[in-house]
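Trainee: Work out the full structure, taking the sequences as your base and the hints as a guide.
Using this note's numbering, read the sequence shown as starting at 8 and increasing by one per residue.
It is possible that some hints are incorrect.
Label-pair restraints from in silico Cβ distances [said to hold, decoys possible]:
# : residue 1 : residue 2 : range
1 : Ile-26    : Lys-79    : 15 to 21 Å
2 : Tyr-47    : Gln-27    : 36 to 42 Å
3 : Asp-76    : Arg-97    : 16 to 22 Å
4 : Asp-93    : Pro-13    : 25 to 31 Å
Think about it this way: if two alpha-carbon atoms lie no more than 27 Å apart in a straight line, the pair counts; the simulated DSS-like pairs of lysine-lysine are [unchecked claim]:
# : residue 1 : residue 2
5 : Lys-63    : Lys-37
6 : Lys-79    : Lys-57
7 : Lys-57    : Lys-84
Worth flagging that the hints you see were computed from the coordinates, not collected in a lab.
Treat the numbers as computed from the prediction; the structure is a model and nothing was measured.
Glycine included, every Cβ here is placed at the ideal spot set by N, Cα and C.
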Amino acid sequence: GNYSHPSDLSVREVFWHYIQRGKDFQDLKKVTQFINRVEYVKQDKSSTLKMKNLTKKDSGEYQLRFVTDDGKGISGKPGVILSVTDLQVRASRSAVASEG
Numbered sequence: 008g009n010y011s012h013p014s015d016l017s018v019r020e021v022f023w024h025y026i027q028r029g030k031d032f033q034d035l036k037k038v039t040q041f042i043n044r045v046e047y048v049k050q051d052k053s054s055t056l057k058m059k060n061l062t063k064k065d066s067g068e069y070q071l072r073f074v075t076d077d078g079k080g081i082s083g084k085p086g087v088i089l090s091v092t093d094l095q096v097r098a099s100r101s102a103v104a105s106e107g
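Mentor: Rendered as structure tokens:
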């Protein structure tokens with residue numbers, strides 16, 4: 008996903024999170040289900056989520072989130088929809104997050 012922010016702010020943190028009802032934005036690298044299975048490939052103002060050892064439980068929506076130095080966080084919407092089936096994996100287009 009790609010992101011942009013106002014020029015007077017700097018990005019403090021960039022991470023991917025999994026959309027779950029009743030859950031705050033949790034960095035996938037800190038969620039038990041994903042520990043040691045996710046990698047973020049960051050370059051300039053973009054981040055690619057790489058996952059390994061996929062299971063059906065991994066199906067769902069993932070969003071790129073960045074937090075600026077004023078403490079505000081913005082998630083890319085729509086996110087990436089991952090569908091894991093018995094033999095194949097499908098993902099939607101990449102997400103873009105921006106703040107005017």
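Trainee: Against each hint, give a clear statement of whether it holds in the structure.
Mentor: Tested hints:
no., hint, in the structure
1, Ile-26 / Lys-79: 15 to 21 Å, "holds (19 Å)"
2, Tyr-47 / Gln-27: 36 to 42 Å, "violated (19 Å)"
3, Asp-76 / Arg-97: 16 to 22 Å, "violated (37 Å)"
4, Asp-93 / Pro-13: 25 to 31 Å, "violated (45 Å)"
5, Lys-63 / Lys-37, "holds (20 Å)"
6, Lys-79 / Lys-57, "holds (25 Å)"
7, Lys-57 / Lys-84, "holds (19 Å)"
Violated hints for the displayed structure, listed by number in ascending order: 2, 3, 4.
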